[in-house]
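Chemist: Spelled out from the first residue to the last, the chains are:
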Amino acid sequence: MELYPILSQAVVISAVIASIFKLQRMTLGLLIILAVILVIPINQIAIWQYSRALVGDFSISLSLVAVWALYLKGQNISGGDKINWQLLNWIFIPLGLLLYPFALGLTMIDPYVFGYNHGLLIVLIGLSTSIFLFKREVMLAIIFSSVLLAYSTNLLESTNLWDYLIDPLLFLFLVIRLILSIITRMIGFNILKYKR
Amino acid sequence: MNKTLWAGLYLIIAIGFSGYNYFSQIVYESKFSRAPEPNSILKEGGNAPFFHSAFVSGNLTKEVHSATAVSLSNGELLLFWYGGEREGSADVAIYSRRLNTETAQWGNVRKIVERQQVAGSLQRNIRKLGNPIAYEYGQNEIWLFFVSVSVGGWAGSSINLQKSFDNGETWGKPQRLITSPFLNISTLVKERPIRYQDGSIGLPVYHEFLGKFAELLHLDQRGQVVNKYRMSKAREAIQPVVIPRSESQAIALMRNVNDSSDHRLWYSQSADSGKSWQPLEPLQVPNPNAAVTAIPLDNSDLLLMVFNNHPSERIDLTLALSMDAGKNWNLLTEFEKEPESDEHNPFSYPFLVTTNNEQFHLFYTWKRKKIKYVVFNQQQLLSWIKNKNLGTKILEVKHGTISDT
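Heads up: the protein sequence lines correspond to chains A and B, in order. If you're matching positions, the first sequence starts at 1 in this note's numbering and goes up one per residue. If you're matching positions, the second sequence starts at 1001 in this note's numbering and goes up one per residue.
It is possible that some hints are incorrect.
Said to hold, decoys possible - Subject to a maximum C-alpha distance of 27 Å in a straight line, what follows is the list of computed BS3-like cross-link-like pairs (lysine-lysine): (1) Lys82(A) to Lys1370(B); (2) Lys135(A) to Lys82(A); (3) Lys1370(B) to Lys135(A); (4) Lys1370(B) to Lys1062(B).
Keep in mind the hints are simulated off the structure, nothing from the lab.
Looking at chain A on its own, in the form it has when it is part of the complex:
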């Protein structure tokens, strides 16, 4: 049984649930319960294998953003340690816009090929990480360092660095979040911080 897909699914789902229901305690308990549920088989196939068939393996970036979000919820941390969503938007939305339309055949150019142990993408990620460190963006520095480390140790079944860096779910999540925050600004009502 592969550990990473189960843990990454558990942590992402936990982060979403904790965010929706404003959970500030029991996040670790939620994570453990979800991990157990995910390994329950239905028709000889575990639940995590059904969802894996649907959305693939999560990127390291998505998993670590979810871990960070869950950690912050659990610790009820605010202020400087909050997730810098604006910076995540600036990084991952352009990356997704660059990667997905072209990989799906928009032109003869395919940026996905730069992920096959191509020095350029590795150097760019290394340089970006150094800049994040210089700017004290510790969370992003850890995410990007982990992407490099996971890729060089073949943690995922992919041999392409892009799959460690970004996935469609992270891209879609950030796009939807950005759209909601723009609407919030336009109508003057904070959808993202709405409390029942």
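Assemble the complex: chain A is given as a structure, and chain B must be docked to it using the hints.
Modeler: Using the frame of chain A, we list chain B on its own:
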């Protein structure tokens, strides 16, 4: 030590691992491998012309499709196809059958890949199986590529690789090829791989999600994707057939999926061992949005192709010869021909393979019910060539002894 310093230390470790990984990887600057010069088709004499056809898929399943075969070093031919209640149904499995080409005896039909077995090995739900392609990678070592779908239709496909180290008697667990960043969906396979000098291989594949296009996957000796090269723009072509002509030159024939074009077969060339491809050119050959199969006859410009010679229906299967590396084609004979009013697309997915140019084996889907097998020998091919008065033209391509008389 504060968080930033810890993160810096972590970065240094990550860069160290990445650097080691990067510099320890083999860089594939591959050139096409040239196959040993097969027997020339231009020699005369020998056996009498021979032609035979039969249904070879048995009666285990209601529907069958997508036959492929590999000619083994030991003289055997290994045939694969998929079959089930209908295309895409949950009971579809990949079947295999072995032909002793010396005795012309077929072995039993064997089910070799099942959906549940693939789901267990890949640890994910699998809804259906599809196109197989086999390749003899080394002595007794066969690689079987096949398509599987977890979600949706064929546009949700991904490619898997399963290996045998005893000439197809037993098979290992499948591994998944990761070929697309978008959930790794929509990559399919139809035609045989090509070999590079360094032992890596090029696998012609195609995408069917949103933009349909063709690509050449570059796989290392373990079968892992190390690169890929785009062969066509979106909504133009799929199911490429790649034929190397030298270390760096190759041609490709592709199925036309562009509804706004005049339904002709696509042609392209590469001059850098498949890394880049010229814009597609339509040939004079019609293509009813259907797969073709082609093989080189020797290391000159002689190619043999089987295709549907109709702009909109797969109602025939025709053999054609090219003497200029695929630019122009001469019709030799028709294996199938039905009136247009009959069943929709009765003959499809041809796959042609030769055993050292002595015998030519053609497999195709016959009305979705059977895999039909057609075999003919070199002398039969030469008689078709002579009947079309093409012998003299061949002399212009390659010095030989054939004549039109």
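Chemist: Please go over all the hints and tell whether each is borne out by the structure.
Modeler: Hint-by-hint comparison with the structure:
no., hint, verdict
1, Lys82(A) to Lys1370(B), "63 Å, violated"
2, Lys135(A) to Lys82(A), "15 Å, holds"
3, Lys1370(B) to Lys135(A), "66 Å, violated"
4, Lys1370(B) to Lys1062(B), "9 Å, holds"
In summary, the structure is inconsistent with hints 1 and 3 from the numbered list given earlier, while agreeing with the others.
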